[in-house]
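There are 2 protein chains.
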Amino acid sequence: MAILLLLNQVDPTLLEKHLKALPDCPQVRIWPNAGEKNDIKCAIVWKHDEGVLNDFPNLKLIASYGAGVENILSDPALPENVPITRFVDDTLSSQMAEYVLAAILNHRLHITHYRELQAATVWNSGEFLKGKNVTILGMGELGAVTGKSLVQNGYIVSGWSRSQKQIESIKSYYGDDQLRLSVSDADYIVCLLPLTPATTGILNKELFSHAKKGAHVINVGRGDHLNEEDLLDALYNQQISSATLDVYSTEPLPSDHPFWKHPKIHMTPHIASATDKEQVARQILENYNRVLNDMPLNNQVDPEKAY
Amino acid sequence: MAILLLLNQVDPTLLEKHLKALPDCPQVRIWPNAGEKNDIKCAIVWKHDEGVLNDFPNLKLIASYGAGVENILSDPALPENVPITRFVDDTLSSQMAEYVLAAILNHRLHITHYRELQAATVWNSGEFLKGKNVTILGMGELGAVTGKSLVQNGYIVSGWSRSQKQIESIKSYYGDDQLRLSVSDADYIVCLLPLTPATTGILNKELFSHAKKGAHVINVGRGDHLNEEDLLDALYNQQISSATLDVYSTEPLPSDHPFWKHPKIHMTPHIASATDKEQVARQILENYNRVLNDMPLNNQVDPEKAY
Chain H
1 MAILLLLNQV DPTLLEKHLK ALPDCPQVRI WPNAGEKNDI KCAIVWKHDE GVLNDFPNLK
61 LIASYGAGVE NILSDPALPE NVPITRFVDD TLSSQMAEYV LAAILNHRLH ITHYRELQAA
121 TVWNSGEFLK GKNVTILGMG ELGAVTGKSL VQNGYIVSGW SRSQKQIESI KSYYGDDQLR
181 LSVSDADYIV CLLPLTPATT GILNKELFSH AKKGAHVINV GRGDHLNEED LLDALYNQQI
241 SSATLDVYST EPLPSDHPFW KHPKIHMTPH IASATDKEQV ARQILENYNR VLNDMPLNNQ
301 VDPEKAY
Chain X
1 MAILLLLNQV DPTLLEKHLK ALPDCPQVRI WPNAGEKNDI KCAIVWKHDE GVLNDFPNLK
61 LIASYGAGVE NILSDPALPE NVPITRFVDD TLSSQMAEYV LAAILNHRLH ITHYRELQAA
121 TVWNSGEFLK GKNVTILGMG ELGAVTGKSL VQNGYIVSGW SRSQKQIESI KSYYGDDQLR
181 LSVSDADYIV CLLPLTPATT GILNKELFSH AKKGAHVINV GRGDHLNEED LLDALYNQQI
241 SSATLDVYST EPLPSDHPFW KHPKIHMTPH IASATDKEQV ARQILENYNR VLNDMPLNNQ
301 VDPEKAY
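Sequences listed follow chains H and X, in order. No gaps in the numbering here: position 97 of the first sequence is 97 in this note's numbering, and each next residue is one more. No gaps in the numbering here: position 254 of the second sequence is 254 in this note's numbering, and each next residue is one more.
Just so you know, these hints were derived from the structure itself, not from any lab. Quick reminder that beta carbons are idealized off the backbone N, C-alpha and C, glycines included. Some clues are possibly wrong.
[Claimed, not checked] Cut-off 30 Å, straight-line C-alpha distance, at most; resulting in silico cross-link-like pairs (DSBU-like, lysine-lysine):
1. X:Lys171 to H:Lys148
2. H:Lys37 to H:Lys17
3. H:Lys20 to X:Lys130
4. H:Lys171 to X:Lys148
[To be verified] Chain X is faced by these chain H residues, among others (derived, beta-carbon under 8 Å):
5. Leu101
6. Ser255
7. Thr268
8. Pro269
[Claimed, not checked] If you only want the chain H side, here are some residues facing chain X, beta carbon under 8 Å, derived:
9. Gly126
10. Gln152
11. Pro252
12. His266
13. Ile271
Whole structure, please, built from the sequences with the hints as guidance.
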């Protein structure tokens with residue numbers, strides 16, 4: 001029995017170390033050196049090559065290395081009847097909540113602006129922005145924790161999701177019909193949706209046109225949630241005042257991309273949801289033991305819903 | 001009967017407007033046009049000229065325009081037996097708490113660093129800093145609200161003050177003997193003290209030498225709490241990793257001051273504790289009515305303690 005690390009664009013060294021440090025860890029192999037294919041019971045997966053998971057006839061668990069599973073589900077040759085789990089942890093959620101709070105505080109307190117004034121040796125003070133209405137698109141684990149953190153910090157938070165949610169102090173909008181309404185009063189629009197065909201390009205001209213004029217957009221979901229051209233247009237015509245972006249359709253963002261030099265766009269290089277490798281190791285080994293003992297899995301993905 | 005606005009370096013227009021908008025507001029006069037001096041029952045004061053308060057024989061209340069009163073108490077010719085009040089409000093405290101949280105998040109998440117990378121078209125991601133120990137020097141109203149906000153956001157908070165404080169989840173250090181100890185484990189040292197002879201220059205070489213190596217210093221008290229030369233030395237020898245400064249010994253900071261171009265210093269132009277003029281007007285008129293009716297005052301200053 002063995003666990004296979006099947007990771008593209010991620011260095012497996014740290015995860016391997018954390019797995020091996022746990023008691024009862026089976027053999028760990030690192031793709032493409034999978035060894036005897038019948039041994040592989042569990043694959044830890046990130047941006048795997050199409051069809052490769054079919055090479056392992058005894059696979060019992062496909063564990064996503066991250067919170068998102070769109071890279072797994074988009075494989076047309078995904079083995080059937082193998083459960084998929086995703087990574088959900090407090091570190092990731094609290095880290096995301098911190099990032100979103102930092103982005104909002106930076107905007108409200110004009111911190112980046114003062115940084116630029118400092119560089120230019122200009123003393124010019126202003127007031128904090130008053131607007132504290134935040135709408136979070138996507139009220140899963142990350143959205144809920146982020147929303148609760150913002151409520152605690154004095155923000156008026158609404159959430160939009162596929163189905164209605166009951167979360168204290170957070171107004172729930174749901175379904176396609178309420179999407180426009182959900183952003184109509186928001187000073188900040190935060191995207192924390194899973195990427196699905198229905199949510200691809202959801203941050204677009206149509207949505208921006210129903211937003212409060214001058215709203216700030218924060219994309220911490222996936223790059224493909226955002227229609228980049230539509231954002232540039234909305235910034236140009238001031239329908240959207242500014243944006244904080246952590247994710248991009250192409251990462252790293254190509255050096256000739258207009259976002260780099262845009263004065264209204266605050267970029268970070270996909271840092272808001274970096275995976276805590278020690279936590280990943282713990283969760284996956286727990287599910288590995290569960291699947292071998294026919295116990296229900298933690299954080300199992302429903303392929304129909306794509307999360 | 002009249003209220004006198006005796007403000008230096010502050011435009012009185014907005015405060016006058018907010019005072020006049022309140023019911024039962026007496027006549028408002030703006031220094032130096034004080035009119036008949038016997039009329040003046042209350043002076044709203046900011047950086048007044050020495051001795052000027054003695055011109056008003058019927059003065060019943062000296063109301064500080066801001067939270068600090070050192071400018072009032074430093075007047076050697078201050079009229080005796082006239083009570084002094086200071087401005088304390090939730091807006092100021094929550095604003096201060098937001099500023100300190102923003103400063104810490106910016107440091108922990110490397111937001112300013114990413115801003116510089118963006119300007120240089122460099123994609124290079126890192127992890128959030130783990131250190132979450134914060135020591136707040138000064139546990140008055142601002143320190144307590146800031147500390148509670150940080151605790152809510154997952155920080156481990158200690159406070160140092162003149163006398164012992166009982167605040168939930170905040171360890172209390174007190175007295176000169178415990179000052180060094182209070183900063184020995186802090187990743188962030190936040191100064192929110194009142195400025196008194198005992199606290200002038202408290203952020204100095206001696207204190208830095210007892211801090212955890214690589215601590216980040218946040219000065220939101222008064223500029224004179226900080227020994228500027230000692231900070232530059234501590235940054236140079238890396239005992240202190242970086243600093244966020246909102247207040248300075250001379251404001252605006254002279255354009256040839258080394259802080260402007262220092263890569264480890266994040267400057268803002270005294271924005272963390274900007275006074276909400278509407279709140280000032282309400283509080284002072286309330287105290288004005290109290291003093292006329294021999295009622296106890298809100299937020300009265302003890303001149304012995306200087307706060």
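Hint check:
no.	hint	verdict
1	X:Lys171 to H:Lys148	26 Å, holds
2	H:Lys37 to H:Lys17	22 Å, holds
3	H:Lys20 to X:Lys130	23 Å, holds
4	H:Lys171 to X:Lys148	26 Å, holds
5	Leu101	7 Å, holds
6	Ser255	5 Å, holds
7	Thr268	5 Å, holds
8	Pro269	4 Å, holds
9	Gly126	7 Å, holds
10	Gln152	5 Å, holds
11	Pro252	4 Å, holds
12	His266	7 Å, holds
13	Ile271	5 Å, holds
In summary, this structure violates none of the numbered hints.
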